[in-house]
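Peer 1: Take these sequences, add in the hints, and give me the full structure.
Following full-length UniProt numbering, the numbering of the sequence shown begins with 1 at its first residue and continues without gaps.
Simulated from the structure, these hints should not be mistaken for lab results. Relax, there's no trap hidden among the hints.
Derived DMTMM-like pairs: lysine to aspartate or glutamate, alpha-carbon spacing no greater than 20 Å straight-line:
| id | residue 1 | residue 2 |
| --- | --- | --- |
| 1 | Lys-322 | Glu-272 |
| 2 | Lys-221 | Asp-208 |
| 3 | Lys-749 | Asp-608 |
| 4 | Lys-221 | Glu-122 |
Derived DEER-like restraints, expressed as beta-carbon distance ranges:
| id | residue 1 | residue 2 | range |
| --- | --- | --- | --- |
| 5 | Trp-723 | Gln-88 | 53 to 61 Å |
| 6 | His-236 | Ser-627 | 52 to 60 Å |
| 7 | Thr-260 | Lys-635 | 49 to 57 Å |
| 8 | Ala-358 | Val-104 | 24 to 32 Å |
| 9 | Thr-260 | Ile-47 | 50 to 58 Å |
| 10 | Gln-464 | Thr-614 | 30 to 38 Å |
| 11 | Asp-27 | Lys-635 | 34 to 42 Å |
| 12 | Glu-457 | Thr-260 | 30 to 38 Å |
| 13 | Phe-711 | Leu-23 | 32 to 40 Å |
| 14 | Glu-457 | Arg-155 | 51 to 59 Å |
| 15 | Arg-618 | Val-104 | 33 to 41 Å |
| 16 | Arg-630 | Tyr-741 | 20 to 28 Å |
| 17 | Gly-276 | Arg-423 | 48 to 56 Å |
These figures come from a predicted structure and were not determined experimentally. Heads up, the beta-carbon is just placed ideally off N, CA and C, and yes, glycines get one too.
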Amino acid sequence: MHGNPESTLVDTRFLVSFLLIVLKGFDGPWYGFFFRFVLLFSYIVPISLRVNLEMGKAFYSWTIQRDKRIEGTVMRSTTIPEELGRIQYLLADKTGTLTKNEMVFQKLHLGNALFDRNNFHEIEAFLTQFVTNDAPSLPTSPSGQQGEVLAPTPRQIWEVVLAIALCHNVTPVYDIEDQRADEAQSDMGSSMMSESCGGAVPQQQLCDYQAASPDEVALVKWTDMMGVSLYRRDLHNISLKLRAANEIMQFNILQVFPFTSESKMMGIIVQEENTGAITYYVKGADVALSKLLHSSWLSTECNKLAADGLRTLVVAKKTMSKNEYLEFESEYKEARLSVTNRSERTAAALARLQRGLALLGLTGVEDRLAEDVPRTLAMLRQAHVKVWMLTGDKLETALCIARSLQLGGGSRWLVASECSTRRDAHALLNAIDRAEDGTDLIIEGETLEVCLRAYEEEFVGVLQRCAGVVVARCSPTQKARVARLLRARGHVVAAVGDGGNDVAMIQEADIGVGIEGAEGRAASLAGDVSVRAFGGVARLLLVHGRRAVMRSAALCLFIVHRGLIVSTMQAVFSVVFYFSSLSLYPGFLMVGYGTVFTMLPVFSLVLDKDIPSTTALRYPQLYRQLSKGRQLSYKTFYIWVIISIYQGGVIMYGALVLFEDQLIHIVEISYTALILTELIMVALTVVTWHRLMVLAELLSLAMYTATLLIFTTYFDGDFIRHWDFWWKVTTITLVSCMPLYIVKHMHRKWRDRQCMGDMLWVDFT
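Peer 2: This is the structure:
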């Protein structure tokens, strides 16, 4: 319902009060009567509405967390369940969200050779020969290559494997007993390492690798398979175990440059303890390192690996003399300690370090799709929820994943060309605008930034017409901006992510869904909802979100109905008795009406289910109807206002027509009919009965019956036991409820028939 119903009801209360004063006349202290009428009609404004809705939200959150189909879901905010039923756009990260974030090393390209899982054993053979100083003579025919035979040198393979084994932030984790054994033999190990990689190695049983990124773990596990294992690591040293020679190489860590979303690379400077050689190793995205390297094959091969759906990393190195390193260390330390222009001076120092890098190789790591993701995306498409994928991966990798997931539902993807000027942005805008509605679009983050800077309104407009949108090379700031742009145009946006780089997007969206994955709990703790996998999003929206909207709408309308019906009776009473400003019921009965006698049945509507969860998931189109807002539109609201006025008028005039000797009989008849009408209306609204609903109805009825018999101050016990009381109450209640039941029954039959036709059409198509 667009607008504030509470303000509408407040205006109604003052309007009705003023109308009665006009009919009464402005004689005497009319302003005093006006304020008395305002107080008498205070039930028009349901003060308990907000309290009941907040209690309902807490209950919805509780039911979501108890759903065994999405076990592990945590509602970190109880104020957003209804928003789950109004989602229009879903922004999703790729790695760890649509994929498992379980990385598997698949390919290694050296420029003159390509290795994959079918011939990794050749790399292991080369390394064995190199480590044992055995003259290698083994040529290799990389998988998928045709034409001349390519033969990389053993040193070339050794250098790239050594770089991968050293350039990371991975720490090996051992059993406690193994760790103690290692500490006991540390002196022996140190003496062994001081020699030329000589001596036996203390045996340890590796338990696991720990790292912030699963990519790094996959790379280290691969080097372990090749025979170069990460043996130990601390803040100052890295030890590598060479399986072929059963020896250890010791390196001192001189500098570590962590990965950032701005640099898109990480680096490390190490010094081999035996030879004293200092080497700077770096790995990162091709978009960052290709500017620092001069390679004729890097861009082409990187695009090929990305087209296979692999995450690519470029590996490079730079050999440094001791004087070069000391000069860099002095400059870098001075820059980091600088009070002014610290960032610029630090970047300048790193830029000088990165000159003269030598390309070693290109790695390809596969991130496998998460379970139920294609099925979940298909259901969301049918529910008219547009899914946009925002990822930091290359455009080719993102396109491959999007096609395999059928992200937009179509088979045609429009790849946006690179833009750097306003003219380029205008040409791209025209190209997208000429495309058919429903076309899927993939665009890079930098291109998106240029287009938004030049033509924000127009470009967002054409993006909204696309069935699916993928933004590749997307930074965390750009992810948050996309969410902000959609929200600014009145769309309800949900964001799903699993890593720290998704936190800004999650916090910017209307609903943030965090996945607790391999990258930590940052996204999970930042989100309004935490789930274990993306597959749970469909049930979260289509079942729980839809139910929350339907239940809250019914609860809101019933609370408004409860206040309006008694206010209508008060208005009729005042008009009949010469516009008197006397209360129809004593305060005790008014308090009991809003709490003890009707609260439980009305609030039990939060248990109602209009359709089973299996139906909601089988026909996601039902979710689409919520976006029309018919459950709580102005039309629905005014229909319930008319119902309240009709029932209030029938009850009050019925009691007056059947009026007998004393005023107390009007109170008994009308109040009893009022309570019964409210209980019957709840029963007529319920679609699926729950045992607690039945208990609430019976308990409320029992409490009111006990009140009739006990509180003789308000009720005439003799008259209540008389047949006249019961037939009058029954007649009034039937007249107030029976027509509505007939209309509702006919409407439900027509709606079910129409809904069945829609479902059959969906099954057919």
